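Undergrad: For reference, the chains in residue letters:
There are 2 protein chains.
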Amino acid sequence: MADSAHSAPPPSAALDAIRAAVGEKGVIEGSDRAPFLHELRGRWPGETAMVVAPASVEEVARVVSICAAHGLAITPQGGNTGLVGGQIPFGREILLSLKRLNKVRDVSPLDYSMIVDAGVTLAAAQDAAREAGRLFPLSIGSEGSCQIGGVISTNAGGVNVLRYGNMRDLVLGLEVVLPNGEIWNGLKRLRKDNTGYDLKHLFIGGEGTLGIVTGAALKLYPRPREKTTIFAGLKSPDAAVALLSRAQTASGGAVTSFELMSRATLALVYKNIPDSRDPLGEKHPWCALIEFSSGREGVLREVVESLLADALEAGELDDAVIAESEAQAASFWRLRHTIPAAMFPEGGQGKFDVSAPVASVPAFLRDADAAVELVCPGARIIAFGHMGDGNIHYDVLQPPTMTKETFQGVQDDIERVVYDAIDRYQGSISAEHGVGVARRDDIARRKQPAEIAMMRAVKRALDPKGLMNPGKML
Amino acid sequence: MADSAHSAPPPSAALDAIRAAVGEKGVIEGSDRAPFLHELRGRWPGETAMVVAPASVEEVARVVSICAAHGLAITPQGGNTGLVGGQIPFGREILLSLKRLNKVRDVSPLDYSMIVDAGVTLAAAQDAAREAGRLFPLSIGSEGSCQIGGVISTNAGGVNVLRYGNMRDLVLGLEVVLPNGEIWNGLKRLRKDNTGYDLKHLFIGGEGTLGIVTGAALKLYPRPREKTTIFAGLKSPDAAVALLSRAQTASGGAVTSFELMSRATLALVYKNIPDSRDPLGEKHPWCALIEFSSGREGVLREVVESLLADALEAGELDDAVIAESEAQAASFWRLRHTIPAAMFPEGGQGKFDVSAPVASVPAFLRDADAAVELVCPGARIIAFGHMGDGNIHYDVLQPPTMTKETFQGVQDDIERVVYDAIDRYQGSISAEHGVGVARRDDIARRKQPAEIAMMRAVKRALDPKGLMNPGKML
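Each protein sequence line maps, in turn, to chains A and B. Each residue of the first sequence is one higher than the one before, counting from -12 in this note's numbering. Each residue of the second sequence is one higher than the one before, counting from -12 in this note's numbering.
Do not take every clue at face value.
The list makes no distinction among identical chains, and a pair is therefore deemed to hold if it is satisfied within one copy or across any two copies.
[What the hints assert, rightly or not] Computed cross-link-like contacts, BS3-like style, restricted to lysine-lysine with a CA-CA straight-line distance of at most 25 Å:
#1 Lys175 - Lys434
#2 Lys338 - Lys175
#3 Lys222 - Lys90
#4 Lys258 - Lys214
#5 Lys391 - Lys214
#6 Lys258 - Lys338
#7 Lys12 - Lys90
#8 Lys258 - Lys270
#9 Lys452 - Lys175
#10 Lys270 - Lys452
#11 Lys222 - Lys434
#12 Lys338 - Lys391
#13 Lys270 - Lys222
#14 Lys258 - Lys391
Hints were generated in silico from the structure; no laboratory data involved. From a predicted model like this one, the values you see are computed outputs, not experimental measurements.
Model the full structure from these sequences, guided by the hints.
TA: This is the structure in structure tokens:
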């Protein structure tokens, strides 16, 4: 229970008042605190005077009011799956977990909407929609443990963004406990509402710096009745851009996922993941996993076969396999999903989650590859990801002959040249993962000063005491 | 060139500096000013010291800088088609028209995006997309004259929202001249970017109160290859909710429009619009115009026929005609589009543009009808609109036997009971048209105080001098 060097310990009166507000079950003690204070990669060890888990929106509001009165800062936390340290307190903040707010409040199939507590896991939200005959389309690797509140606060993306959008696009309304402890009930389930600034968009992707999301009204979709999954071999990212555009046009926008993987990426999978094999015999410099979905049965297969034939003839495609079963489709997806694990044994990594306009991705890759080779000769580039959204996970692996220390020494140079390349294409240096503590200085350095000034003005306006997740994002 | 009572005339030094910044062609004088100062309904006559039309983003920035230095307020204006007076200056503001910023800067079919100036008309933006083999899907009645900047600032909706969303959902990035005259280049064309607050959503639907939108990066879609349009006879709005849900599920989300019209609404069309006739012989208490679209050819007709048969059997539908030609589909749409003209000769009107969760629309209609009858017996309810989005244009016509003056005297009561009904279903009192001056007091009275406080805090943070479209929205 150490405090960070730059702040006094929280007043015990405040901690006592919080304890009284949430009861004994609402305060997590001893070794039970560890899962809240350590994130996946172990990069940002957390420190806090108190881990509090209120059981209701009203309890959250009471805790925040007490903190506001005492000038005590708060780091809200969902499933603790974030990759940029945004959910970790560093001494002077209490940690407020939303895990006990875990009810699906209402599912309305006729409205194609549902209302859930912030602490409901993404998987539980998907299940609730499925049980009502509907689809909640967001899907990410951590869906079993990440929570809706965190998914909203980080505007998560994932593999279905191409068709259904990011989390931002799936939120109809929010309930938020504001920095002064007031509850804002913005849980409208409307498709149209033009009555002032659309404030929910500040909290979506706001990383908990403006308030604590406690509930959300979400959009649902009809469930697709048919899927067609293909594994394609391509000459280049340029071919992927052309193929994606053709697939979108020919299928009338039925492309749900378009995941690109370089040969070097797949080679690591085949090397390090048992029982993995290339559906196309490891012959192609680039591969794409493409999934189409349709609300009607019996129409996709023919459309896909015909567009693949056209793409072959146009030279956009070199070869492709259509999954003949769900098991085969799952085996394609397994290749994609095991990429992070396949990289693990390969030494030091510089990891970048960038995006560019889709048509600029090939040029970005050429520029970045050349620039990285200059500052770190022999570095292995593992490029893969959501090509359909222009979102590339661009990871740079330590050259096999280089020591980890030497590689550490060039990390800053690698970051600089990758970011410079993304800037040339008006891209984003954090497409999905957010800012947190990991990218805070980068954002401050690289965004237009007018935009940083607006962000700071909004922060001061809505959280004048600076108590909501301080030190994150801005 | 009168000034409003509560403010001094603008300093002539400021007006001279603006004139010098934009040149003679940039200042609109004499009788040429009239089209900028009078809006469609003649409800809010405008007054201003200067109508200025800069020719470039830089000129806009220069004008705003001069205004900031002199404390001179600005009302930005697009195509002057707004229905709530948001685009009209009332004496102390200069009027800044975006009409000369009218270039399509770039269309990128591979990125499914384009960048346009704010002064490009919606129709010109649609045309530019079409020429590139793409669809810009927003469609509203005023599309020939409304401008992209205004469409963004009012977050316009229209007939395709069900499938493609409101304008908010179609904007990838914005260029905005901020209240201090700085140009914010937020014209990113990214599908994913999590690097801080998503500030563009403050300007979308911001009604020009935070800055002046000068350019936008917009999403494009594949063009649909096939449309099926039906005209359906229904027993009730409840039947419409069930039919809509069935249509969405059975077609896999291919419903593009679902417009509901009451018998009273259509009766006025048949009475007052020459050559209009009911495709179903005026037999049904409610009718729906439903349009499906698909990116593939030859699949829709069968799906639609089969779902209509199922809906008939389930009692959700009483009869339906499928348009056999584009001309027949256009004749269905003509019925829908002539409703406002059909109401015109019928005397006084109270017009409401409300929304509720889709499944609550029938209950709202029952409640509102009963409440209006109590405060204005014999009033004719003209209910129609975008049922697919829960957005109803709920218009109350003067009873035939009542004088215009008596009807005027009950307008406030009618408004109160309609709004009370919409509040009961957590609806919106302005679904599409915005706030402007028309709904400003209503919003202030009916929104949660915490939300109004946040809106005001954001306004103060980004426009501390209060120079951007003062008196509008909040």
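Undergrad: For each hint, tell me whether it holds in the structure or not.
TA: Now the hints, each set against the structure:
Proximity of Lys175 and Lys434 under a CA criterion of 25 Å is satisfied inter-copy only: 12 Å between copies versus 33 Å inside one chain copy. Taking the shortest alpha-carbon separations for Lys338 and Lys175, only the inter-copy value of 23 Å comes in at or below 25 Å, while the best intra-copy value is 38 Å. In this assembly of identical chains, Lys222 and Lys90 lie within 25 Å of each other by CA distance neither inside one copy nor across copies; the values are 48 Å within and 37 Å between. Taking identical chains as interchangeable, the C-alpha atoms of Lys258 and Lys214 are never at most 25 Å apart, the minima being 30 Å within one chain and 50 Å between chains.
In this assembly of identical chains, Lys391 and Lys214 lie within 25 Å of each other by CA distance neither inside one copy nor across copies; the values are 44 Å within and 60 Å between. When the C-alpha separation of Lys258 and Lys338 is checked against a cutoff of 25 Å, the pair qualifies only within one copy, where the shortest distance is 20 Å, while the shortest distance between copies is 68 Å. In this homomeric assembly, Lys12 and Lys90 come within 25 Å of each other (Cα to Cα) only inside a single copy, at 18 Å, whereas the closest approach across copies is 62 Å. Taking the shortest alpha-carbon separations for Lys258 and Lys270, only the intra-copy value of 15 Å comes in at or below 25 Å, while the best inter-copy value is 71 Å.
Taking the shortest Cα distances, Lys452 and Lys175 never come within 25 Å of each other, neither inside one copy (28 Å) nor across copies (32 Å). When the C-alpha separation of Lys270 and Lys452 is checked against a cutoff of 25 Å, the pair qualifies neither within a copy, at 59 Å, nor between copies, at 64 Å. Taking the closest pair of Cα atoms, Lys222 and Lys434 never come within 25 Å of each other, the shortest separation being 35 Å inside a single copy and 56 Å across copies. For the identical chains of this complex, Lys338 and Lys391 are intra-copy neighbours only, at 15 Å inside a copy versus 70 Å across copies, given an alpha-carbon limit of 25 Å.
Taking identical chains as interchangeable, the C-alpha atoms of Lys270 and Lys222 lie at most 25 Å apart only when both belong to the same chain, with a minimum of 10 Å there against 62 Å between chains. Taking the shortest alpha-carbon separations for Lys258 and Lys391, only the intra-copy value of 21 Å comes in at or below 25 Å, while the best inter-copy value is 83 Å.
When each numbered hint is compared with the structure, violations occur for hints 3, 4, 5, 9, 10, 11.
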